[in-house]
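Heads up: the protein sequence lines correspond to chains L and P, in order.
Residue numbering for the first sequence is 0 to 501, as defined by numbering that gives the first Met the number 0.
Residue numbering for the second sequence is 0 to 447, as defined by numbering that gives the first Met the number 0.
Hints were generated in silico from the structure; no laboratory data involved.
Keep in mind that a hint or two might mislead.
Stretch by stretch, here's where chain L covers chain P in the computed footprint (C-beta under 8 Å, at least three residues) [to be verified]:
no., stretch
1, 261 to 270
2, 276 to 286
Taking CB as the label site, the calculated pair distances span [said to hold, decoys possible]:
no., chain 1, residue 1, chain 2, residue 2, range
3, P, S249, L, R284, 17 to 25 Å
4, L, L380, P, H289, 57 to 65 Å
5, P, E439, L, F381, 42 to 50 Å
6, L, S395, P, S249, 19 to 27 Å
7, P, D294, L, T495, 53 to 61 Å
8, L, F498, P, D73, 49 to 57 Å
9, P, G163, L, S395, 21 to 29 Å
10, L, R284, P, E439, 37 to 45 Å
It should be emphasised that the depicted structure is a prediction, and the values quoted were computed from it without experimental measurement.
All C-beta atoms in this analysis are idealised placements derived from N, C-alpha and C, irrespective of residue type, glycine included.
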Amino acid sequence: MYGNTRIRVDWRASAELTGRVLLYLVAPLTFPLLIALYFREPVAPFLVAIAVAIGLGGLLRALGDPEENLGPREAFLAVAVIWLLVAVVGAVPFVVAGVGTIAHPVNALFESMSGLTTTGATVLVDFSIHDRSIMMWRQVIQWLGGLGILILATAVLSELGVGGAQLMESESQTRNVNKLTPHIAETARLIWGLYVGLTLLAAGVYLALGLAFDPRMGPYNAIAHAFTSVATAGFSPEPLSAGAFHPVIQWAIIPFMILGSTSFVLMFVVLKGEPRRLLKNEEFRFYLGTLGLITGAVAVVLLLTGEEGGALEPTIRHAVFNVASIVTTTGYASTDFALWAPAATYLLFLAMFTGGMVGSTTCSIKSLRWLVALKSLRRELFTSVHPEAVRPVRVSGSPVDEDTIRDVYAYLLLSIVLFVGLAVVVAVDAARVGMDLSAFEAMGAAASTFLNIGPAFGEAGPYGTYAAFPMSTRGVMVVLMWIGRIEMIPVLVLFTKAFWTS
Amino acid sequence: MHAVIVGAGEVGTAIAADLAPAHEVVIIDRDESRAEELTYELDVLTLAGDGTTLETQEEANVMDTDMFIACTEDDRTNLVACGTAKTLGDPFTIARTKQPDYLRVWERDDSAYGADFVVCTDLLTAENIVRVIGLPAAIDVDPFAGGLVQMAEFEVAAGSPVAGQTVVEADRFESLTFAGIFRDDALILARGDTRIRGGDRVVVIGSPESVQAFATDVAPETTPDRADEIVIVGGTEVGYQSARLLEERSLHPRMIERDDERSRFLAENLPNTMVLAHDATDTEFLVREHVDEADIVVAALATDERNLLVSVLAKRLGVDRVIAVVDSAEYVTVFEEIGIDVAINPRLVTAEEITRFSHESIAENISVLENDRAEVVEMELAAGSPLVGRPIQESVAELDSKVVIGAITRDRSHVTPRGDTVLQAGDHVVAFVETPFVGEFTAMSAAI
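Looking at chain L on its own, in the form it has when it is part of the complex:
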């Protein structure tokens, strides 16, 4: 033995951080607990979950060592484990409550992981049998997932340069990869306020509009939907999702989904008094352009096919709402878009791969990566005419490193490979149990879960449920939601030998 099997990851640092996060989880768990007390519903699900969080968190902290240095590897390990264990703890209340489809541990983990990864794919069949506190926990866990990903995206992934994330708009270009902790804390503080503020604003707007237009949008629903629109998450306590509410409320949800998928660092800079940065930001313009283009195309298809009765306002509203919902990766629905004409559903399928801006709560591939990839493709065309030309790819005027472009390509390729793999697994597994699933529906469900969007087509449509899939498929989906949400690399890197030993 020459020491090459020695573990080169200071896993104690990761354990310490993970344990701390699990202990923090007690705070959000008390929120549904209070709701349960208010509505006189069982409190056991949350008390057990709190106990599990404290037990697990305490154990990890006992194993951990705060003195160890949290470097890039330790951060990858911690991120992957945190997302997994928080989902596990999040599933506890569903299992303890023991009502409906989510009483089964795998389904509970699916629901919890779908929430934490702000996916919004559900296995609920009957919404009415669940307690209001349990339904609120689904919303809270999504909101937490949104906050978690914001901190992860702005402080950790951009520092580690995962898949070109280092290109993200940043307040000041600090690159000190060896000392992540102070940077995480600092960024979290900035982002936290903005995220909470946006959530409160959304809740206020929804409540006010609810009072004016729709009694169903009471305080409970206003808070529940504020949690999941700013997090671009997509769970709704209503079986009809946003379709349950008055059109005015549907219009009001749209800007919050878009804000949730806009870079929070950019928003922060704009709010600090530099509104020009908004239009100078090429990713933002590209993102809005993409959103507008797909919306326009879907609206035209809907008008031509007369899907929504041919009336102008509903057609445009449904086009804008559902395209925004898919592109921002929220996953609400204002109507059952799975029933639209094929041309429209194909467009929505395409829209699943876009995503919002890097540094937001959005999922999927994200506009910055597409922008860099498209620009570098255009450069390829140019250099095929002028082979000697040296032409840096520029985003918002600044040149992009060639290594970063390679990262972006690798990320795109990896996404496509994993998506295709999952789609095949979904289709094969469905065939195994004799489930009637078209290739398009299999691809839709695979994209929607792996890219953390939520609803897809067919059985997995916005008014459908993932409970229709075999248990084994859902198990695989849980893993891919997990991998997809934290930008793949932090999970995949754990499966390389080099990560642990060299």
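Given chain L, work out where chain P should sit, using these hints.
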């Protein structure tokens, strides 16, 4: 005037030769034989020694000198020499540097290095190249305020689009001032309703970009625009700065640089320049990239030999105008004799700039126009100057002379002069003045 020059290279010698007839000049050089040689060539006092040391400077009597010029080949030696000189007395110090980096530091705070003026060879050469490329129609062009402001005189041809327009119609540019118009032998101060005629010579003062834009109006035929193909061969500092200045003037040059890493640097910093990474002496490549159809080729490689080769090659391929950077002054004529249109020698350019600065009186940048009928002067306003704290129109109305404030720079950025602009201490003012009043006007820059 007593002047001390450190460095007896081409630049130092040229400056000394210019100053020697009228002034007392001491030249310091490390090379004893060079120093001795110069004593026979020029009527100057020479001193062998290290120009940065106190000992040598004391021997050269720097404490009582009026002008101290450090122009050796080494940037740091020049800056240190200026610093040393300032500890001995208060001469006006001029440092020559090659790299623009030191110039940028000095621009940020002009007390840096103890230099009162920094002349950057590479930047100056690039400015010269860009002037030759961009303003072929101008009769006279001079930079002011460290290149932020340009004065240019154009002859308006009868067929020019500007002929027949009034000044208000012709002056479409924010940071451009019409200073004066020479018509036959008369000097007319430009007013808004003055009509420009064919044959007039117009003097404008403004940012280099606006002067360039005006040139396009005056002489659209000869002034290059974006459709013109400009190729810079060689990504040296001179080549890079030339491309950067051309970009500032809305021209989009192409650049050929052999080194991949340098090409990447150039491409990143020159967003509007197409950089090609290849050997510029490869004829097949040049033809493939249509360099033979270029309007202007600039040879800015590191050595004279390669510049000669590229220039000849470009001429043979049929390029209209070839401009070459020639490092050794003695080759300038050789280049021009074999048909290269313009040969620019960085050392001569530097020497000229330093001389221009040191001639008349200290710290006064001057251009003489039309057989000294008028001058364009630059001055920095002292705190107690009668011009400070008042709107321009009041000051000018009091002056019984023909003065036009052409440009103002404050903290290295432009302030467009208008009648109600209030001047501040520290402002650099570039003004067009009738020659008899120059003395009276420049005296106003100082405190009363």
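These are the hints, each one checked on the structure:
1. Check result for the stretch 261 to 270 of chain P against chain L: holds, 6 residues qualifying (beta carbon to beta carbon below 8 Å, three or more required).
2. For a cut-off of 8 Å, the count of residues in the stretch 276 to 286 of chain P with a CB near a CB of chain L stands at 3, and the three-residue condition holds.
3. Remark: the range hint 17 to 25 Å for S249 (chain P) to R284 (chain L) is upheld by a beta-carbon distance near 24 Å.
4. The hint said 57 to 65 Å for the Cβ distance between L380 (chain L) and H289 (chain P), and at roughly 19 Å that hint is violated.
5. Between E439 (chain P) and F381 (chain L) the CB atoms are about 59 Å apart, so this pair departs from the stated range of 42 to 50 Å.
6. Distance hint for S395 (chain L) and S249 (chain P): a CB-CB separation of about 21 Å, consistent with the stated range 19 to 27 Å.
7. Distance hint check: the CB atoms of D294 (chain P) and T495 (chain L) are about 56 Å apart, consistent with the given range 53 to 61 Å.
8. Hint check: F498 (chain L) to D73 (chain P), Cβ distance near 51 Å, so the stated range 49 to 57 Å holds.
9. The hinted window of 21 to 29 Å between G163 (chain P) and S395 (chain L) is violated, with their beta carbons roughly 45 Å apart.
10. A hinted range of 37 to 45 Å for the beta carbons of R284 (chain L) and E439 (chain P) is inconsistent with their spacing of about 56 Å.
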